[in-house]
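Undergrad: As a plain string of letters, each chain reads:
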Amino acid sequence: DTEVTQTPKHLVMGMTNKKSLKCEQHMGHRAMYWYKQKAKKPPELMFVYSYEKLSINESVPSRFSPECPNSSLLNLHLHALQPEDSALYLCASSQALSRIGETQYFGPGTRLLVL
Amino acid sequence: AQSVTQLGSHVSVSEGALVLLRCNYSSSVPPYLFWYVQYPNQGLQLLLKYTTGATLVKGINGFEAEFKKSETSFHLTKPSAHMSDAAEYFCAVTTSGGYQKVTFGTGTKLQVIP
Numbered sequence: 311d312t313e314v315t316q317t318p319k320h321l322v323m324g325m326t327n328k329k330s331l332k333c334e335q336h337m338g339h340r341a342m343y344w345y346k347q348k349a350k351k352p353p354e355l356m357f358v359y360s361y362e363k364l365s366i367n368e369s370v371p372s373r374f375s376p377e378c379p380n381s382s383l384l385n386l387h388l389h390a391l392q393p394e395d396s397a398l399y400l401c402a403s404s405q406a407l408s409r410i411g412e413t414q415y416f417g418p419g420t421r422l423l424v425l
Numbered sequence: 036a037q038s039v040t041q042l043g044s045h046v047s048v049s050e051g052a053l054v055l056l057r058c059n060y061s062s063s064v065p066p067y068l069f070w071y072v073q074y075p076n077q078g079l080q081l082l083l084k085y086t087t088g089a090t091l092v093k094g095i096n097g098f099e100a101e102f103k104k105s106e107t108s109f110h111l112t113k114p115s116a117h118m119s120d121a122a123e124y125f126c127a128v129t130t131s132g133g134y135q136k137v138t139f140g141t142g143t144k145l146q147v148i149p
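Protein sequence lines, in the order shown, are assigned to chains A and B.
Note that the numbering used here has the first sequence beginning at 311, numbered continuously upward.
Note that the numbering used here has the second sequence beginning at 36, numbered continuously upward.
Wrong hints could be hidden among the right ones.
[Claimed, not checked] Quick list of the computed label-pair ranges, beta carbon to beta carbon:
1. P65/B - G324/A: 47 to 55 Å
2. P75/B - N327/A: 23 to 31 Å
3. I95/B - A390/A: 39 to 47 Å
4. A406/A - E101/B: 25 to 33 Å
Hints listed in this document are in silico derivations from the structure and should not be mistaken for laboratory results.
Note that the structure is a prediction, hence the values are computed from the model and not measured.
Just so it is clear, CB atoms sit at the ideal spot from N, CA and C, and this is done for glycine as well.
Let the hints inform the model, and build the full structure from the sequences given.
TA: Next up, the structure:
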C-alpha cells in the first residue's frame with residue numbers, strides 16, 4: 311500500500327474560521343511533509359516532520375500550525391487565513407528524512423478556498 | 036544551491052507521436068533527479084528517478100529519462116503519446132548531504148491532440 315490519504319478534499323473557510331487538514335499514511339514512513347501549491351505553480355515546501363518531530367519550517371506564517379500526533383498522522387491547523395492562502399495543500403511522506411534520493415509519496419491534496 | 040529548469044511550460048503532441056519534455060539541472064554536487072506527474076485535481080506521482088548507476092532510467096507508463104552529466108540534462112521521453120498522458124509534469128532535484136530538500140521545476144503541461 312503506497313497510499314497517502316488527505317481529508318477533506320475541498321474546504322471553504324472564512325478568514326475568522328479555524329479548520330484542520332488531515333493526512334494519513336500506513337506505509338511505516340517516518341518523514342512527513344506539507345506542501346502548498348498555487349495554480350500553475352510547483353509545490354512549495356512548508357513543513358517537514360521526522361520521527362514525529364518538526365524538523366523544517368520554511369518560514370511559514372503562524373496562522374498555519376502543523377501537528378504530528380503519531381507516526382501515521384499529520385495535521386495542519388488553520389486559523390485566521392487570508393484569501394491569498396487559497397491553494398492546493400499537499401501532504402507527502404517518505405521512509406526517512408536522511409536517506410539519499412528518497413521518494414516522496416504524495417496525497418491527492420486538499421483544495422482550500424479562503425473567503 | 037540546486038535548481039532545475041524546465042523548457043516549455045506547454046508542450047503539445049499528437050497521439051502516437053514522441054513525447055520529449057526537457058529538464059536541465061544546476062547543482063554543485065552530484066544530483067538526484069526525479070520526474071513527477073500530476074493529473075488534474077490530484078497529487079503528484081513519481082514517474083522515475085535517477086540516483087546513481089545506469090544513466091538511462093525507465094519509469095512507469097512507458098516513460099524514460101537519460102541523465103547526461105555533460106549536458107546537465109534529464110529529459111523525459113516516451114515513444115508514443117497516449118491521450119491519458121495529458122497532465123502536468125514536474126522535474127525535481129535533490130542533493131546529498133544534510134536534509135535533502137526537493138526542488139521542483141516550474142512544470143510542463145503536456146497536451147495530447149487526437
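Undergrad: Please name the hints from earlier in the document that this structure breaks, with their numbers sorted from lowest to highest.
TA: Failing hints: none at all.
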